[in-house]
Each structure stands twice: as C-alpha cells, then as structure tokens.
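**Q** When you get a sec, could you build the whole thing from the sequences and use the hints?
The lines below spell out each chain.
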Amino acid sequence: MIGVGGAYGKLYGGPVVRDLLEVYTTVVRAVPELVLILLLYFAGTDLINQLLTALGHAAIDINGVVAGIGVLGVVQGAYSTEVLRGAILGIPQGQIEAARAYGMPPGLLLRRITLPAMLPFAIPGLANLWLIATKDTALLAIVGVNELTQTTRTAAGATKAYFTFFMAAGALYLVLTLVSNVVIGRVERWARRGMPSIAGPH
Amino acid sequence: MIAQGTAPALKYTAQNDAAEAIHVENLHKRFGELHVLKGVSLSARDGEVIAIIGGSGSGKSTLLRCINCLENPTSGIVRVNGEEIRMKADSHGHTVPADRKQIERIRSKLGMVFQNFNLWSHMTLIENVIEVPVHVLGVKRDVAIAEAEKLLARVGLAEKRDVYPAYLSGGQQQRAAIARALAINPRVMLFDEPTSALDPELIGEVLKVIGDLAREGRTMVLVTHEMKFAREVATHVVYLYNGLVEEEGPPEQIFGAPKSERLKQFLRNVG
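Residue numbers (the working numbering), protein chains in the order written: chain A, 20 to 221; chain B, 4 to 274.
What the hints contain is simulated information worked out from the structure, not anything from laboratory work. We put the beta carbon where it would ideally sit given N, CA and C, even for glycine. Take the hints with a grain of salt, since some may be wrong.
Unchecked claim - Listing some non-contacts, in silico: residues in chain A with all C-beta distances to chain B over 10 Å:
| hint | residue |
| --- | --- |
| 1 | A73 |
| 2 | V85 |
| 3 | I88 |
| 4 | Q114 |
| 5 | E116 |
| 6 | L138 |
| 7 | T153 |
| 8 | M214 |
Stated by the list, open to error - Label-pair restraints from in silico Cβ distances:
| hint | chain 1 | residue 1 | chain 2 | residue 2 | range |
| --- | --- | --- | --- | --- | --- |
| 9 | B | E235 | A | P111 | 27 to 35 Å |
| 10 | B | G85 | A | I67 | 56 to 64 Å |
| 11 | B | H97 | A | G113 | 16 to 24 Å |
| 12 | A | M214 | B | R265 | 53 to 61 Å |
| 13 | A | G113 | B | E235 | 22 to 30 Å |
| 14 | A | P111 | B | N188 | 22 to 30 Å |
| 15 | B | Q268 | A | L108 | 25 to 33 Å |
| 16 | A | R211 | B | Q268 | 48 to 56 Å |
| 17 | B | K267 | A | M214 | 44 to 52 Å |
**A** This is the structure:
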C-alpha cells in the first residue's frame with residue numbers, strides 16, 4: 020500500500036510530493052533496519068506519548084508486535100516504492116494512453132489498467148521483498164517481540180541442544196519460504212495471464 | 004454539391020448543413036522550442052471522412068492527438084460536438100485542460116484507434132471491448148457483452164473473444180482495437196496511422212474494416228499513409244506540410260489535380 024502510494028507519488032506527484040518521497044526512500048533505505056527499528060520503536064513511542072499527554076490523554080504502552088509490524092511496513096514501503104516505480108515504467112505507455120483516450124478518470128485507470136498491467140513486472144521484486152521481510156522479523160526480537168530466532172536461542176540456551184533447535188528454526192524458515200514460493204508462483208501465473216511465456220505459447 | 008443527374012456515391016451525401024462534430028481553429032502546438040503545429044484549422048461534419056496526409060514530422064498525428072487532448076494544444080480552439088474544450092495555464096505556463104471531467108466526457112465520445120493498437124494486455128478481447136462501456140459509461144455488463152460480441156463478429160474476430168491480445172496477429176489486434184472504439188458508440192472515430200505498424204499482407208484486412216465504416220456514414224478523422232485508401236474513402240483530404248495546411252479539398256482534386264508544388268512532390272514520392 021505504502022509502495023503503491025509512493026511509486027505513484029514519485030511518478031505523477033507534484034514537486035513537493037516527489038521531494039518528500041525521495042527523502043523517505045533515501046533515508047529509509049540508507050539506514051540499517053536494526054537502527055530504524057530501535058529509532059522508530061523507542062523514539063516513536065516516546066513521540067506519540069508526548070503528543071498524547073500534550074493533548075491531555077494518558078500515555079499508552081505501545082505493543083512491540085504492533086510497533087515491529089509498523090516499522091517493517093515503513094521499511095518495506097520504501098523498497099517497494101522503487102520496485103513498483105520500475106514496474107509502472109515497464110508498462111507499455113500506449114496502454115495507459117488508450118485508457119486516457121477513452122475518458123478513464125485517474126482512479127479507475129489506476130485500478131483497472133495500471134495496477135494489473137504492472138503486476139507481472141512487479142512480482143519478482145515484491146516476492147524478494149516479502150522473503151526478506153519474513154527473515155527481518157528476527158530483528159524485532161530487540162523490541163521484545165517473541166519471534167522465531169529469539170525463541171530458538173532461548174530454548175537452545177536452556178537445553179544446550181543448539182544444533183537441534185537452530186536446525187529446526189532453519190527448517191521453519193525454509194518451509195515458510197517454500198510455501199511463499201508456491202503462493203507467489205500462482206499469483207505470478209495469474210498476473211502474466213495475457214503474456215505468452217518466453218518459450219512461446221504451449 | 005454534385006450537379007450531375009447520376010446518383011451520387013454515398014461518400015458525397017454528407018450535407019453541408021450537417022452538424023459539425025469536430026471544429027479545430029488556428030491550432031498551435033509547441034514542444035519546447037519545436038513548433039509542430041503553426042495554426043491549423045479543420046472541420047468534420049457528421050458523416051464526413053477527413054483524411055489527413057503529409058510527410059513525417061508534418062504534425063498530422065499531433066493534430067489528431069490534440070483533438071482529444073492526448074496532447075494539449077498550446078493555443079487555438081478545439082470544439083467537439085459543439086462543446087469547446089476549456090484550457091488554462093498551469094504553474095509552468097503550459098496549457099492544460101481546465102476541467103478534467105469535461106475532457107473525460109469529450110474523450111468518451113471519440114473512438115481512438117492507435118498505430119500500435121494499445122489493447123490492454125491483461126484482458127481478453129471481449130474484456131477489452133466491454134471495459135470502457137462497463138466502467139466508464141456505466142452500461143450493464145450483460146448488455147455490454149452482447150454488444151461486444153456483435154462488434155467482434157463484425158470485425159471477424161467472434162471466435163477470438165477469449166484470447167489475449169499477445170496471441171493475435173497485428174491485423175487481428177487492430178481490428179479488435181476498432182471494435183473497442185466502436186463499443187463506446189463514438190460520435191467520431193479517430194484513426195492515428197492505423198496500418199503503419201502492420202506487415203504489408205495484414206494491411207488489407209484492417210483497411211477493409213475501416214472502409215466499411217466509412218461507407219456506412221461514420222464520421223471519421225484518419226491520419227494515414229495509404230494514399231489509395233484515402234482517395235477511396237475520404238470526403239475531404241487535408242495535406243499538412245511543416246505544421247500548416249498546405250492544401251485541402253475533395254480527394255479528386257488533391258490526388259487528381261494537386262496545385263501545390265510540395266503536394267505534387269509528396270504524391271510522387273509516396274506514389
């Protein structure tokens with residue numbers, strides 16, 4: 020979602036929107052995720068709470084899971100902005116032009132033409148991002164999320180069976196990836212329905 | 004117009020008092036330093052077939068694209084259906100449409116056919132044809148499908164309705180694109196070099212479809228390199244040279260007795 024908004028803003032937005040997005044994608048992609056997570060979690064919750072108290076509300080305790088998902092969303096949004104921007108640029112311009120020539124308003128054009136037409140170009144990149152994201156969850160341990168790697172370490176440390184537990188964790192990541200691949204493969208076949216395969220029609 | 008006692012051919016039946024579907028007046032278009040159109044006027048009444056001819060870079064495609072604002076004219080008047088397209092200057096000093104809704108309304112009455120077909124590649128032919136009627140014009144889906152099937156049958160593609168464009172020849176794709184344009188029941192059909200991207204043996208099938216439309220009295224503006232075809236179907240021919248109308252008139256005059264030296268030269272080169 021952030022990616023679609025970002026890519027659209029970068030391609031068609033006014034100069035201010037474009038500059039802001041440029042700053043967003045550059046900063047987020049430049050700073051290590053671990054630092055971002057710490058920054059957004061600790062500094063972010065602090066900021067929200069200060070804002071809340073200033074407005075006369077009670078401070079809230081932000082859940083690590085929510086914060087973690089939020090941070091990963093922001094990070095993935097920055098990367099997917101670029102993936103989607105590339106995909107939109109990959110659409111034959113004439114197809115967009117044809118939609119405009121038939122009087123499609125911009126929202127409809129995005130929904131009916133641009134998004135489905137860019138999907139085949141975006142899926143490989145988005146699939147990469149998704150797989151990276153599944154592993155990035157390990158970083159969320161630092162803000163107290165009970166995720167796989169951290170739990171494994173605890174269990175392994177308690178039982179001293181490091182090999183077993185880390186192999187098991189690796190296997191779980193592998194299963195997650197394999198399942199993802201199957202799903203992504205399906206989606207990609209669907210998205211490429213109008214395109215003959217490179218090997219030619221069969 | 005025709006004084007002889009013989010029955011006039013259908014293409015002469017366009018009356019001078021027929022309503023003006025398209026009116027272009029003193030149109031200028033600049034791309035930065037490049038002055039592509041330097042004050043062109045053009046008019047198409049209902050039932051007329053206007054052929055725009057001219058060499059490469061003469062501005063003929065740009066002129067066509069200014070009619071539905073795919074290019075924004077720098078100055079001049081464009082009226083479609085008697086409605087003048089309102090323009091304004093944006094913050095960079097470019098002329099842009101003042102009212103997006105107006106442009107969309109006007110565009111939905113103009114059936115544009117492109118040089119490169121521009122069918123939507125993620126949709127089958129039937130989906131391509133019903134897309135605009137269903138999602139822009141608000142036609143009921145089953146009504147649109149019934150209509151689209153008729154149109155596809157008409158361009159000889161009935162059995163290809165569920166095929167994706169990439170699996171079709173250029174000629175088939177262009178015929179489907181014509182069906183897509185007809186599906187909006189356009190007041191005017193705009194053809195932008197519809198056969199220029201086709202292999203020679205596929206040109207005939209597309210010209211036949213366009214010719215049939217002309218003969219049944221559809222109003223059309225046609226940018227083309229097919230001189231023989233223009234002579235057969237056009238009621239009026241406009242020869243553009245270097246962003247200006249160099250000569251215009253009925254096809255007999257333009258092709259039979261050209262006055263301008265440049266037009267004579269052009270016809271010798273393409274003929």
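**Q** If a hint holds in the structure, say so; if it doesn't, say that too.
**A** Taking the hints in turn, this is what the structure says about them:
1. A73: Given that every Cβ of chain B is farther than 10 Å from that of A73 (chain A), nearest at about 37 Å, it holds.
2. V85: holds (36 Å)
3. I88: holds (31 Å)
4. Q114: violated (5 Å)
5. E116: About 6 Å separates E116 (chain A) from the closest Cβ of chain B, which leaves it inside 10 Å; violated.
6. L138: violated (8 Å)
7. T153: holds (28 Å)
8. M214: violated (6 Å)
9. B:E235 - A:P111: 27 to 35 Å: holds (32 Å)
10. B:G85 - A:I67: 56 to 64 Å: With a Cβ separation near 58 Å, G85 (chain B) and I67 (chain A) satisfy 56 to 64 Å, so the hint holds.
11. B:H97 - A:G113: 16 to 24 Å: This hint holds: roughly 22 Å between Cβ atoms.
12. A:M214 - B:R265: 53 to 61 Å: Given a distance of about 45 Å, which is not inside 53 to 61 Å, the answer is violated.
13. A:G113 - B:E235: 22 to 30 Å: holds (28 Å)
14. A:P111 - B:N188: 22 to 30 Å: holds (27 Å)
15. B:Q268 - A:L108: 25 to 33 Å: Taking Cβ atoms as reference, Q268 (chain B) and L108 (chain A) lie about 41 Å apart, which means the hint is violated.
16. A:R211 - B:Q268: 48 to 56 Å: At roughly 49 Å between Cβ atoms, Q268 (chain B) and R211 (chain A) fall inside 48 to 56 Å, so the hint holds.
17. B:K267 - A:M214: 44 to 52 Å: Between K267 (chain B) and M214 (chain A), where Cβ atoms are some 47 Å apart, the hint holds.
Violation of the numbered hints given earlier is confined to hints 4, 5, 6, 8, 12 and 15; the remaining hints are satisfied by the structure.
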